[in-house]
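Undergrad: Construct the entire structure; sequences and hints are all you get.
Protein chains: 2
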Amino acid sequence: MSLPRIAIDAMGGDEGVRVMIEGAALARRRHDRFKFLLVGDEVRIKAALENHPNLRASSEILHTDGVISGEDKPSQALRRAKGTSMGRAIEAVKLGHAGAAVSGGNTGALMAISKLTLRTMPGIDRPALAALLPTLGDNDVIMLDLGANTECDSRNLVQFAIMGAAYSRVATGRAEPRVRLLNIGTEETKGTEELRDAAAVLKGAAENLAMSFDGFTEADKICRGDVDVVVTDGFTGNVALKAVEGTARFVADLLRRGFSSSLRSKIGFLISKPATDLLKHHLDPNNHNGAVFLGLNGIVVKSHGSANAAGVANAVAVTARLLEENVTERISADLARLGGSTWRMPKGLTGVQEERA
Amino acid sequence: MSLPRIAIDAMGGDEGVRVMIEGAALARRRHDRFKFLLVGDEVRIKAALENHPNLRASSEILHTDGVISGEDKPSQALRRAKGTSMGRAIEAVKLGHAGAAVSGGNTGALMAISKLTLRTMPGIDRPALAALLPTLGDNDVIMLDLGANTECDSRNLVQFAIMGAAYSRVATGRAEPRVRLLNIGTEETKGTEELRDAAAVLKGAAENLAMSFDGFTEADKICRGDVDVVVTDGFTGNVALKAVEGTARFVADLLRRGFSSSLRSKIGFLISKPATDLLKHHLDPNNHNGAVFLGLNGIVVKSHGSANAAGVANAVAVTARLLEENVTERISADLARLGGSTWRMPKGLTGVQEERA
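Protein sequences, first through last, are from chains Z and U. Letter 338 of the first sequence, counting from 1, is numbered 442 in my numbering, and no numbers are missing. Letter 50 of the second sequence, counting from 1, is numbered 154 in my numbering, and no numbers are missing.
Rather than coming from a laboratory, the hints here were simulated on the basis of the structure. Don't be surprised by glycine CBs; every beta carbon is placed ideally from N, CA and C. Be aware that a few hints might be false.
As the list claims (entries may be wrong) - Computed far set for chain U versus chain Z, every beta-carbon distance over 12 angstroms:
1. Thr211
2. Ile375
3. Asn430
Claimed, not checked - Here are the computed distance ranges between Cβ atoms for each label pair:
4. Glu292(Z) - Thr290(U): 33 to 39 angstroms
5. Glu429(U) - Glu292(Z): 36 to 42 angstroms
6. Lys186(U) - Gly289(Z): 24 to 30 angstroms
7. Thr224(U) - Asp357(Z): 34 to 40 angstroms
8. Gln180(Z) - Arg360(U): 47 to 53 angstroms
9. Ser173(Z) - Asp381(U): 45 to 51 angstroms
10. Asn430(Z) - Asp118(U): 28 to 34 angstroms
11. Val147(Z) - Glu255(U): 51 to 57 angstroms
12. Glu175(Z) - Glu255(U): 31 to 37 angstroms
13. Asp318(U) - Leu107(Z): 46 to 52 angstroms
14. Ser410(U) - Arg148(Z): 54 to 60 angstroms
TA: What follows is the structure, given as structure tokens:
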């Protein structure tokens, strides 16, 4: 089966065309079935392709003049989307010209344009941003939402759990991913009403959903490797993700200071370099690049603005895996399985949705 | 000037009497002006004191039969408080028999008993739990609230900022601590309404309050050393703190694995031990033990349940510093300075308080 094309917003990311094209070329070298739609300034894309004949041979270029900048507010980005590399890359997914889009541009703009262009899947109220984080265990852990929705109700959290579990099945191969809600304690009474309500719904429905749900987890256990999916609202998830990233960098900086504090330490560092390289490999955000907007009619992957070519290649690989494994269809199937009486939220839990409807 | 006595809940903490007494003795060896009221089972306290004649000479024992357990819910703890070591240690502060209390027991219970016994200071709606975290800069950073209040309004956040700044002045000596609200971006439009409202109030009042306020910070910048006080609601603060702690442990575990992966790495480890010891020192939670409940009529410090004697000694040292520097009076003075028209929240920001009043 041939893999659908991946649309690359070639103008996104802090360093733009060069890094995006190099990343795509690197991904292409690893998997020669990958095909691309490169969206952006044709002259600059062609120049960047000169060093990458294999990528050139498996790509088509879609020229655009405009670029969404890091400063564009989501509302501005929506107005300008049509003529930009980001807007056209997402539109290509809608039109079926590509199976998925990857962008290193402005997250808020990417979210807004993706939502408006692709719309949320039937049964999903809001899309969520999900990423893989390293753990001490055998698998990465998936955390969502990482910032797409500042405030979430219990129904959103239940939907995030379903989407996260589907992603985890693809990423880890586990038949019943271990799903937990992020809270400030594991007792049933802890946290907000939204969390307690979502836990009650998931407890009742987990068996039906091919997930193992056992209530709450705390933020110090995200990376321990005993949980596969950590579900939270976008505010908390964004704070938790950044706290993890910041602390990993903090510890690496402390270690660097330590190792350069004396000649003895410097020598020790050189000898133990394989050990610290292992650490560096685990902590390099490029090795976990590629956050996915789940819950849309199509796949959109956010590559970190500061990702290098290896990072972009990782984001492309994540995208390809989601495409190959039909994650969107899987989420639909799970939503259908939850269907009927189970899916109706218990009375009193539906407040926000009813008002909206 | 003689320092008021510090009441020690000798029965709290995972290992109970022995560790609490050893910690107090260690603190006493470092600062011989410290005096203690040791609250708990007299027989066991006396036995633990046998190895610590200096501590015995500067302590009085207050016998109690009861102990608050880790499983006691706050409501149960409140009912049982009177006959317990935790309850009597806090009562001693209220009665003026001690200047402050330190406990390693159940946080929820400590919070509930402290609030009911000591009441919040005039001008403070809710107390907050604050702790010092290590940074790459010259000073530790203070983060609050760490879990005392699951949901907070803008007025709570403004009060936390004032209390955190007062603590920072004591802990770091900075005349105008750099205060920030924890958010998911630094733009004015980011985050919840509560955060935006609190930022507007602090922006207007910062000069009057001897703090440098410059809006929002993100969770990856908590430990960078360019902020002195990070203000947040108790849910987010608890998640951020645990994410920081968990990641530091995660990285240390990865490093340990790396160093034991080969003979070469093991040798490198031995040679570079001064470097890794520096890291260990920075990351050992015992070196940052002692979270403070701010905003009460009296000082209550929570020592981590799993702290060792050095950790307890640190919590005692934190307590003594807060006592010596009259942090409670300082917060009162700041609240008074904010007073008058500045302190009235702009219209529309006072919702919750007006309803409560």
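Undergrad: Honestly, which of those hints from before does the structure not fit?
TA: Result: hints 1, 2 and 10 break, sorted rising.
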